[in-house]
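Student: Please dock the two separately framed chains into a single complex, following the hints provided.
Next come the chains, spelled out residue by residue.
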Amino acid sequence: MITAEIVDKWMKLFYSKISEQKAYLSELDTPIGDGDHGNNMMRGMQGVEDSLDKLSNPDLKTILKTVAMALISKVGGAAGPLYGTAFLEMAKNCEKTQAPAELFKLALEGIKKRGGATTGDKTMIDVWAPAVAALETDSLSVEKIEAAAAGTKDLVAKKGRASYLGERSVGHLDPGAVSSQYLFESFIEAGGIE
Amino acid sequence: MTKKIGIVIVSHVPEVAMGIPKLLEQVAADVSITSAGGTDDNEIGTSAGKIMDAFERNKAQKLLAFYDLGSAKMNLELAVEMSDKKVNIYDVALVEGAYTAATLLEADVTLEDVEEQLAPLKIK
Numbered sequence: 001m002i003t004a005e006i007v008d009k010w011m012k013l014f015y016s017k018i019s020e021q022k023a024y025l026s027e028l029d030t031p032i033g034d035g036d037h038g039n040n041m042m043r044g045m046q047g048v049e050d051s052l053d054k055l056s057n058p059d060l061k062t063i064l065k066t067v068a069m070a071l072i073s074k075v076g077g078a079a080g081p082l083y084g085t086a087f088l089e090m091a092k093n094c095e096k097t098q099a100p101a102e103l104f105k106l107a108l109e110g111i112k113k114r115g116g117a118t119t120g121d122k123t124m125i126d127v128w129a130p131a132v133a134a135l136e137t138d139s140l141s142v143e144k145i146e147a148a149a150a151g152t153k154d155l156v157a158k159k160g161r162a163s164y165l166g167e168r169s170v171g172h173l174d175p176g177a178v179s180s181q182y183l184f185e186s187f188i189e190a191g192g193i194e
Numbered sequence: 001m002t003k004k005i006g007i008v009i010v011s012h013v014p015e016v017a018m019g020i021p022k023l024l025e026q027v028a029a030d031v032s033i034t035s036a037g038g039t040d041d042n043e044i045g046t047s048a049g050k051i052m053d054a055f056e057r058n059k060a061q062k063l064l065a066f067y068d069l070g071s072a073k074m075n076l077e078l079a080v081e082m083s084d085k086k087v088n089i090y091d092v093a094l095v096e097g098a099y100t101a102a103t104l105l106e107a108d109v110t111l112e113d114v115e116e117q118l119a120p121l122k123i124k
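In order, the protein sequence lines correspond to chains A and B.
No gaps in the numbering here: position 115 of the first sequence is 115 in the UniProt record's numbering, and each next residue is one more.
No gaps in the numbering here: position 66 of the second sequence is 66 in the UniProt record's numbering, and each next residue is one more.
Chain B extracted, bound-state conformation (with noise of 0.2 Å):
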């Protein structure tokens, strides 16, 4: 049964944003684990849009959201205001943090342990 907290990872490159979630889904089958990569027109960057996007294929409500740089940090602040769904922003090295919490939910660990384990990995 799907999670009912699903994973959303946002990068500036197509290709990364693609392949995070390969990693992940290795140990979280049934975390919901969306993404958003690159400009709308598939170049280096980030589209607010995009993440939206994500943010609605995510078969959960509760998002937990990973970034690669601090633009993307922006967009995703953009993109949780004009969201229905409850969306926590992490500034946590990416692929570890997302790799540490969606291990965690996969596990059901409460959401406080999950923050409990990413705090040392805050890097930004």
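Only chain A is shown next, with the shape it has when bound in the complex (with noise of 0.2 Å):
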């Protein structure tokens, strides 16, 4: 079950995750994309810690709001409004489910809705619904998201910058899909699934 202290960890360690790797996602986004992935994220972060930092005692729903409002205001790159639909549609449902694989399945739904990439295409995607899928079945590990990770360096990407590349794009990892599996560390080390 989520809860808004599970959150409230998943950040930070999300945060700090996002620092330690600020210049190898950057690193991974130069290749095929605009280089700027870590830099981006990392603003987005440093806005949810300030954001959080205000708060006192919030409800779960009102963690997962602020989270969203602070990465759609401060990512700037494609990542912003992605990972902020997915926060906001965990904020709109997270009255009804409390359960990880719920929660997760309608963030899912909602960054394929807002970026318009399915399984396949080489984006966070690729991250996300392999954990889905692992949520539904209690089995989400940190091995599993590395693999689904790592997965991404032999696809070729059809969304987003690094598809103006075509094939070319291949044998590099999708930056979006390495900040995912961050991501998903993180929940895991917040105590999400236990």
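Because the hints were derived from the structure by calculation, they are not lab data.
Any given hint could be a false lead.
[Unchecked claim] Have a look at the derived ranges for each label pair, beta carbon to beta carbon:
(1) B:44 / A:133: 47 to 53 Å
(2) A:189 / B:111: 51 to 57 Å
(3) B:88 / A:12: 37 to 43 Å
Beta carbons are placed, not taken as given, at the ideal position from N, Cα and C, and that holds for glycine.
Tutor: Here you go:
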């Protein structure tokens, strides 16, 4: 069950992973994108931290909505509206259910709608879709998430700036898939699936 | 008199967003044209907040929105969901599409006819 405490811990862990891997994420984004994914995510997560610091004892909906709005307004690149929409969908539905499988599924649908991408397009969805499937069978693990992100290396990009490169995008990891890997790893570390 | 339909330009670059209205105003003095460019810190990117602001500043209640690249569309869609104004987003070539729409709106051409002329400019 997702709670406000778990989300708070989750965001702190995600923030520290993004800080550590900022340069790596931008490096992944350089050959197939515009080289700013690490900086964009860092700016977004700084915004999330600043906004969450101002809340005192928020309920689940408030904290999820605050994360969404900070990401939407601070990230700048495509990751802003995509991650922002994911958290907004969770915020909208968290009064009906707090089950991770259900909330992440709704978040994934929001990402698909916002970006128009689907499984196999070499995007964050290639981590989110297997993660949701694993949550539905209570089998989410760090290994599965890492394997899903690593799997984007062999795919041809169909969406975003990487898609302009077509076949030339093969051999590179998708930066959004890797930041999503950190997001799910942080969720597991925060106790989200216990 | 200001036309009932306005135009909104969204670009990743503040200077591009500021420049296109200059071109459009030459042919559409009575069409309200507003724009949003760059992130909140004026870096390369787009901001749903800035786009919302461009919607609000526009004198028209119905807006035709034109954008440069993919993520601008995502932020545009987010802004549309949060706005009270009716906004249509067009996946057409930014400069040519907005220029065509501005010219036609100034001449009081119906939205249906504007859209018919925009259709062949669809590139994304």
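Student: Against the earlier hints, flag every one the structure doesn't satisfy and list their numbers going up.
Tutor: 1
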